[in-house]
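Undergrad: Heads up: the protein sequence lines correspond to chains H and P, in order.
Using our numbering, you'd call the opening residue of the first sequence number 1 and step up by one each time.
Using our numbering, you'd call the opening residue of the second sequence number 1 and step up by one each time.
Treat each hint with caution, since some may be false.
[What the hints assert, rightly or not] Calculated pairs, EDC-like style, for lysine to aspartate or glutamate (alpha carbon to alpha carbon, straight line, at most 20 Å):
id: 1; chain 1: P; residue 1: Lys398; chain 2: H; residue 2: Asp59
id: 2; chain 1: P; residue 1: Lys401; chain 2: H; residue 2: Glu16
id: 3; chain 1: P; residue 1: Lys398; chain 2: H; residue 2: Glu16
id: 4; chain 1: P; residue 1: Lys403; chain 2: H; residue 2: Glu28
id: 5; chain 1: P; residue 1: Lys401; chain 2: H; residue 2: Glu28
id: 6; chain 1: H; residue 1: Lys142; chain 2: H; residue 2: Asp59
id: 7; chain 1: H; residue 1: Lys100; chain 2: H; residue 2: Asp83
id: 8; chain 1: H; residue 1: Lys100; chain 2: H; residue 2: Glu28
[Unchecked claim] Some but not every residue of chain H turned toward chain P, in silico, with C-beta under 8 Å:
id: 9; residue: Thr21
id: 10; residue: Ser23
id: 11; residue: His24
id: 12; residue: Arg27
id: 13; residue: Asn139
id: 14; residue: Pro149
These are calculated hints, taken from the structure and not from any lab test.
Using N, Cα and C, we set each Cβ at its ideal position, and we do this for glycine too.
What follows is each chain in one-letter form.
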Amino acid sequence: MSYLGNIVSSVQTVFEGLTITFSHLFREPMTIQYPDRTPIPVKDTLPLRYRGFLDVQTDICTGCTLCQKACPIDCILIEAGKDPELGQRVMTRFAVDLSKCMYCGLCTEPCPTGAIRFTREFEAATYDVKTLVREYILNGEKIVPYKAPKK
Amino acid sequence: MENFITNMIAQCSWLQSLPKWVVVFGFQIFFSVLILFAFVAIFAMLAGYVERRVAGRIQSRIGPNRVGPQGILQSLADGIKVFLKEDVVPTAADPILFRIAPYFVFVGMFLAFVAIPFSAQWVISDFNLGIFYLLACEALVVIGIVMSGWASNNKWSLIGGMRSAAQIVSYEVPVSLTILMIVLWCGTMDIQQIILSQGPMPWHWHVFQNPFLFIGFFIFFIGSLAEGNRMPFDMPEAESELVSGYNTEYSGFRFIIFFFAEFANLYLIGAIVTILFLGGWQAGVLPEFFVSIFGAENPWIVALIKNFTQLFVFQAKALVLVFVIIQLRWTLPRVRVDQLMALCWKYLVPISFVNLLAISFWVVFVPEIGTKITAGVMTTFGAIIFIYFFYRVYWQLKFSKAKIRMNPFS
Ligand code: SF4
Ligand code: SF4
């Protein structure tokens with residue numbers, strides 16, 4: 001009797017399979033159409049403490065170069081020196097080579113003011129690796145280091 | 001057409017040197033081929049697109065939606081890409097057979113279109129052995145496939161070709177027996193007569209006439225899938241085992257021809273099943289209805305409207321079947337070779353023999369009224385299955401608690 005049983009079970013299973021696949025035509029697709037057809041930018045869906053590109057808020061940077069020293073692979077370059085016109089120490093360059101950075105976060109830990117920190121940007125694809133060197137002080141600006149107000 | 005040809009002959013001097021019947025036949029053949037080729041090409045493109053979209057949704061993906069609005073031009077882009085590929089002929093391949101094999105496949109498919117009636121008048125050739133002719137065309141296709149497998153001089157291609165031959169030879173038996181049932185039932189092999197012996201409504205269709213024809217419908221459908229190398233029987237081109245089967249070594253234009261033949265075959269399966277079991281182009285009162293709506297008087301326009309209505313009814317049925325075939329492809333896994341043969345020789349062939357005997361007895365002994373009763377019962381049964389299908393679909397959606405997205409374009 002397995003002969004008839006085989007026929008019945010194959011008819012039943014094919015029928016059941018067809019109902020399942022047909023019902024899939026009305027289900028929502030799982031696909032996220034990255035990068036250009038997402039409801040909100042993917043960057044904004046990431047967790048707040050995501051380790052993306054580094055960002056430096058230069059107006060609260062104290063120029064202490066602790067981050068530069070903490071980085072195990074020397075991605076960070078800070079050029080600072082005494083400016084004769086202003087008569088005080090200024091920073092002229094603050095660059096992070098994101099192509100070398102491994103997003104370990106060691107630079108953010110010693111920073112006294114939280115000036116250097118991670119953002120949620122992550123799209124680093126580029127045609128030229130040199131564009132991944134991020135300059136935070138542009139146009140030959142001179143940044144006067146931040147000093148915490150005396151209590 | 002007559003006037004047009006007379007004009008053509010009057011204008012071209014080289015046509016005047018030929019006898020008139022040559023010119024008339026030449027034009028008829030030329031235009032038939034042109035229309036059919038355009039139809040097959042457009043169908044292949046659209047079916048390729050629809051198949052990929054349906055596959056996408058079935059697998060919780062979206063499918064191609066970037067080329068043109070909603071990806072509708074994707075097939076065109078793929079076609080151009082394949083067309084521009086280098087046309088490679090392997091050094092060790094049989095140079096002549098390798099080159100002509102795709103045309104055998106394509107011509108076999110194409111010849112079958114000649115006998116397909118799209119409406120009461122729109123059929124290229126209506127002759128009294130039509131259904132037999134369709135079977136013969138199928139055999140030409142298998143020659144092309146075996147030829148391409150052999151000529152490629154590649155073991156995957158050869159295995160694919162041999163599998164295809166074995167498959168078609170086996171499944172030809174239940175398919176032919178089922179066609180024989182229909183032939184016994186209507187007493188004719190003429191395709192138009194077979195359609196005329198049915199009617200527009202489901203209870204006039206052959207499939208619901210009696211239980212044996214109902215079973216025959218499924219046997220024929222399964223057998224056609226296997227003959228056409230469609231999933232779940234696409235052993236000749238099983239990607240996971242044979243790279244791509246008999247067309248592994250082909251590229252460029254010859255590959256497109258195989259591709260076209262595959263989709264032409266997809267349509268042919270739908271069309272033949274529609275003709276034999278689902279009432280063909282029979283549209284009932286619809287043509288008269290449309291004629292009265294448009295208030296057409298001119299006999300030309302009346303004929304055009306009638307034929308178009310029938311064409312649409314025919315295409316609607318055939319395309320629903322095409323959709324079912326596509327859905328089956330993404331539902332079922334590929335069967336093993338031994339399962340394939342077991343299905344054919346242990347199940348389909350004996351059942352179709354019993355069916356054939358039963359139909360012969362039915363035709364001889366059961367009176368008209370008996371057929372009417374079974375037609376009513378079977379139609380109700382079919383309707384119940386149809387409704388139960390959608391109930392199950394609803395149940396699946398509810399059971400899985402899936403998010404619903406009715407819009408197919410998203
Ligand atoms: S995250 Fe790590 S590697 Fe990157 S700059 Fe900071 S310390 Fe260097
Ligand atoms: S970013 Fe922070 S650690 Fe680095 S130099 Fe500025 S203040 Fe110092």
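Undergrad: Does each hint hold? Answer for all of them.
TA: The hints, checked one at a time:
1. Between the alpha carbons of Lys398/P and Asp59/H the distance comes to roughly 57 Å, so the proposed pair goes past 20 Å and is violated.
2. The straight-line distance between the Cα atoms of Lys401/P and Glu16/H is roughly 17 Å, inside the 20 Å bound, and the hint therefore holds.
3. Between Lys398/P and Glu16/H the alpha-carbon distance is near 15 Å, which keeps this suggested pair within the 20 Å criterion.
4. For the hint linking Lys403/P to Glu28/H, the alpha-carbon distance of about 6 Å falls within 20 Å, and the restraint holds.
5. Note on Lys401/P and Glu28/H: the hinted pairing holds, with a Cα-Cα distance of about 11 Å set against a maximum of 20 Å.
6. Proximity of Lys142/H to Asp59/H is assessed by CA-CA distance (about 11 Å); at most 20 Å being required, the pair is judged to hold.
7. A C-alpha spacing of about 31 Å is found between Lys100/H and Asp83/H, which places the hinted pair above 20 Å, so the restraint is violated.
8. Between Lys100/H and Glu28/H, the direct Cα distance comes to roughly 40 Å. Violation of the 20 Å bound is thereby established for this hinted pair.
9. Satisfaction of the interface hint for Thr21/H is found here, the shortest Cβ-Cβ separation to chain P being roughly 5 Å, below the 8 Å cut-off.
10. Checking Ser23/H against chain P by beta carbon gives a least distance of about 4 Å; that is within 8 Å, so the hint holds.
11. Using the Cβ-Cβ criterion of 8 Å, the hint placing His24/H at the interface with chain P is satisfied: the shortest such distance is roughly 5 Å.
12. The interface hint given for Arg27/H holds, since its Cβ lies 4 Å from the closest Cβ of chain P, which is under the 8 Å cut-off.
13. Checking Asn139/H against chain P: minimum C-beta separation of about 40 Å lies over 8 Å; hint violated.
14. Taking 8 Å as the C-beta cut-off, the interface hint given for Pro149/H is violated, the closest approach to chain P being about 54 Å.
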